[in-house]
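Start from chain A and add chain B according to the hints.
2 protein chains.
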Amino acid sequence: MQWKNNLTRLLSIEYPVIQAPMLGVSTPEMAAAVSNQGGLGSLPVGGLSPQRTTELIQQTKQLTNKPFAVNLFAHSIPAIDQSTAEAMQAYLETVCLANQIPYTKLALNDLHFYSYKDQIDVLIQEKIPIVSFTFGILDDESIQSLKAAGCLLNGTATSVKEAELLTEKDIDIISVQGIEAGGHRGTFLTDDPLPMVGLMSLLPLIADRVSKPLLAAGGIHNGQTIKAAFDLGASGVQVGTAFIASPESVAIPAYKERLQRSSETDSVLTRSFSGRWARGISNTFMREIDKSGLSIPEYPIQNSLTTALRVAAQRQNNAEFTNMWAGQLASASEAKPAADIFRKLIAQTEALF
Amino acid sequence: MQWKNNLTRLLSIEYPVIQAPMLGVSTPEMAAAVSNQGGLGSLPVGGLSPQRTTELIQQTKQLTNKPFAVNLFAHSIPAIDQSTAEAMQAYLETVCLANQIPYTKLALNDLHFYSYKDQIDVLIQEKIPIVSFTFGILDDESIQSLKAAGCLLNGTATSVKEAELLTEKDIDIISVQGIEAGGHRGTFLTDDPLPMVGLMSLLPLIADRVSKPLLAAGGIHNGQTIKAAFDLGASGVQVGTAFIASPESVAIPAYKERLQRSSETDSVLTRSFSGRWARGISNTFMREIDKSGLSIPEYPIQNSLTTALRVAAQRQNNAEFTNMWAGQLASASEAKPAADIFRKLIAQTEALF
Numbered sequence: 001m002q003w004k005n006n007l008t009r010l011l012s013i014e015y016p017v018i019q020a021p022m023l024g025v026s027t028p029e030m031a032a033a034v035s036n037q038g039g040l041g042s043l044p045v046g047g048l049s050p051q052r053t054t055e056l057i058q059q060t061k062q063l064t065n066k067p068f069a070v071n072l073f074a075h076s077i078p079a080i081d082q083s084t085a086e087a088m089q090a091y092l093e094t095v096c097l098a099n100q101i102p103y104t105k106l107a108l109n110d111l112h113f114y115s116y117k118d119q120i121d122v123l124i125q126e127k128i129p130i131v132s133f134t135f136g137i138l139d140d141e142s143i144q145s146l147k148a149a150g151c152l153l154n155g156t157a158t159s160v161k162e163a164e165l166l167t168e169k170d171i172d173i174i175s176v177q178g179i180e181a182g183g184h185r186g187t188f189l190t191d192d193p194l195p196m197v198g199l200m201s202l203l204p205l206i207a208d209r210v211s212k213p214l215l216a217a218g219g220i221h222n223g224q225t226i227k228a229a230f231d232l233g234a235s236g237v238q239v240g241t242a243f244i245a246s247p248e249s250v251a252i253p254a255y256k257e258r259l260q261r262s263s264e265t266d267s268v269l270t271r272s273f274s275g276r277w278a279r280g281i282s283n284t285f286m287r288e289i290d291k292s293g294l295s296i297p298e299y300p301i302q303n304s305l306t307t308a309l310r311v312a313a314q315r316q317n318n319a320e321f322t323n324m325w326a327g328q329l330a331s332a333s334e335a336k337p338a339a340d341i342f343r344k345l346i347a348q349t350e351a352l353f
Numbered sequence: 001m002q003w004k005n006n007l008t009r010l011l012s013i014e015y016p017v018i019q020a021p022m023l024g025v026s027t028p029e030m031a032a033a034v035s036n037q038g039g040l041g042s043l044p045v046g047g048l049s050p051q052r053t054t055e056l057i058q059q060t061k062q063l064t065n066k067p068f069a070v071n072l073f074a075h076s077i078p079a080i081d082q083s084t085a086e087a088m089q090a091y092l093e094t095v096c097l098a099n100q101i102p103y104t105k106l107a108l109n110d111l112h113f114y115s116y117k118d119q120i121d122v123l124i125q126e127k128i129p130i131v132s133f134t135f136g137i138l139d140d141e142s143i144q145s146l147k148a149a150g151c152l153l154n155g156t157a158t159s160v161k162e163a164e165l166l167t168e169k170d171i172d173i174i175s176v177q178g179i180e181a182g183g184h185r186g187t188f189l190t191d192d193p194l195p196m197v198g199l200m201s202l203l204p205l206i207a208d209r210v211s212k213p214l215l216a217a218g219g220i221h222n223g224q225t226i227k228a229a230f231d232l233g234a235s236g237v238q239v240g241t242a243f244i245a246s247p248e249s250v251a252i253p254a255y256k257e258r259l260q261r262s263s264e265t266d267s268v269l270t271r272s273f274s275g276r277w278a279r280g281i282s283n284t285f286m287r288e289i290d291k292s293g294l295s296i297p298e299y300p301i302q303n304s305l306t307t308a309l310r311v312a313a314q315r316q317n318n319a320e321f322t323n324m325w326a327g328q329l330a331s332a333s334e335a336k337p338a339a340d341i342f343r344k345l346i347a348q349t350e351a352l353f
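Residue numbers (the UniProt record's numbering), protein chains in the order written: chain A, 1 to 353; chain B, 1 to 353.
Next up, chain A with everything else stripped away, as it sits in the complex (with noise of 0.2 Å):
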């Protein structure tokens, strides 16, 4: 078992640790610490137009001469449900009066979703050396364009089978990400009902089934956990959680805190603010829709309808009415520069092989 391998040489990094992409967290500025210190920082522009798309690409950029990955979402887009997303918008409303938080009604008709096909040409024209993505696989000609621009291709699975369609499809790296991650699931197969497989099982589980290198995600914070994940068959890694309290995240002061003092059993799987099953801190929102017993709607419809209630929430410093998306070893996370985690991390290592 090797620290530096196969995949370290395919990405042209020097340690096999990757930031995960955490929208609405990770910054330009996380991205280019990472990749500077030799790991491989992620942009994530899930759901971004392709001007935001080539901002945040353009600022790393500034920051950083060392390759990084930008994450995609690849999920498909339903339709909307008016009287489902009604109801939920007035429920909302409801929520905004009751807890002082400023509400902005938006119009049903005028919800615009981009696709991740919007943005491919964006990353081809910058020359995005490895594009990472979740919720799904890339369609057929999305993924010829990137790799007939030389570009690697990183997909997330939840289970055997998500692995086994995403090697089918080529894909050169695999996330594998256990239910001990923050964030969104990547699950796309099914979720009814949601994989909900440990790392540990997982993990050994694909290695014995794929044969493309693996990034162990979820829970994932120190040497040991590194050290593990390569013995289960892991060729690298990926963290998010521990970088949500660095001064490069843009996590609101009060979910930085809450991060820190949280236990394992403090972060839960919700549908509640964006329609998909994420991973998070449990807080009054999470609790209140539950209660509600309304249909919620699906990603990323639930998303926009709540995305007012969230910005207004974090301009309060408000934690219990944005989300918190956090793994299960979230209290691992320290108010540290990301280039001093991303050091300690690979010090913790390197003692051990």
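None of these hints come from the bench; they were simulated from the model. You may find that some hints are simply not true.
Copies of one chain are not kept apart here, so a pair can be met inside one copy or by any two copies together.
[Claimed, not checked] Listed below are the simulated SDA-like cross-link pairs for lysine to any residue, each with C-alpha atoms no more than 25 Å apart in a straight line: (1) Lys344 x Val210; (2) Lys161 x Gln260; (3) Lys336 x Arg209; (4) Lys4 x Phe353; (5) Lys105 x Gly293; (6) Lys291 x Asp192; (7) Lys344 x Gly233; (8) Lys291 x Trp277; (9) Lys256 x Arg209.
Just chain B now, with coordinates in the frame of chain A:
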């Protein structure tokens, strides 16, 4: 990191591999086979009468002169809610009739539940060297009696708080049960929400806070997973599902067969069979009871109410109406003698240390 360590010395065994107690699956033959190979076999007696406990212990002693553990259920016994129990009985009768399963109605007034307290004297009399328990913590008097008799105690934790509480009570060894584990969750502090922590997060968190030897439980099935558990702070492992398809197991043939062709997403958490959360392979009964919307009586009431149904289904080799407890690596269960399964595990692990 040592493969033969403080735990093997403490337990006077050769290898730190414990066969997990699986009530309804494990037998004296299974426990003896593992103990005879230098591991630690476990004899589950949770909820059994003192007389039956004695018989099983004596049967095991006839098959091995090595140490083995006896496993208790340390729950408290709730009062019966008559109307919920009657509604459940009526439902179970309908299910049996609709599925050609003989139905035997239980007289609710005749229900008797044995407590682990009824079994302590037997364990002391039989000089059992290791008593493991789950679903709670033994009361102080039982702890003192067993310790005074020279017995080592092994409790089960599914969260950091539970491990800390076991440590406060000076329990000698702690089993850390990840969400990957088959069978009943050992959870005893709160199951709302149920702690669903992956071993990869739970083990290092508990290892950080607690100085007792830890056993990793959940998904452990080969050398790799044993090595990873040791990396994360375990001094030993508990292996259950891997032994279910062995000839020493009394699982019905249909259960063994389903287990071996199941995938990691086939096993789900359910309260349907016993009133306590447990992981098992999804079947018709689990799905139907969910659909019924009926309130499920607490453990052990529901367990008693479904006993006749489960026994009758087992007689028919009908896997759809009996529990098929299984961890997330159910497919690793081989139809080989327990001794062979054990020796293979040891050989794989020794090659990695």
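- What hint numbers does the structure not satisfy? Every hint satisfied by this model.
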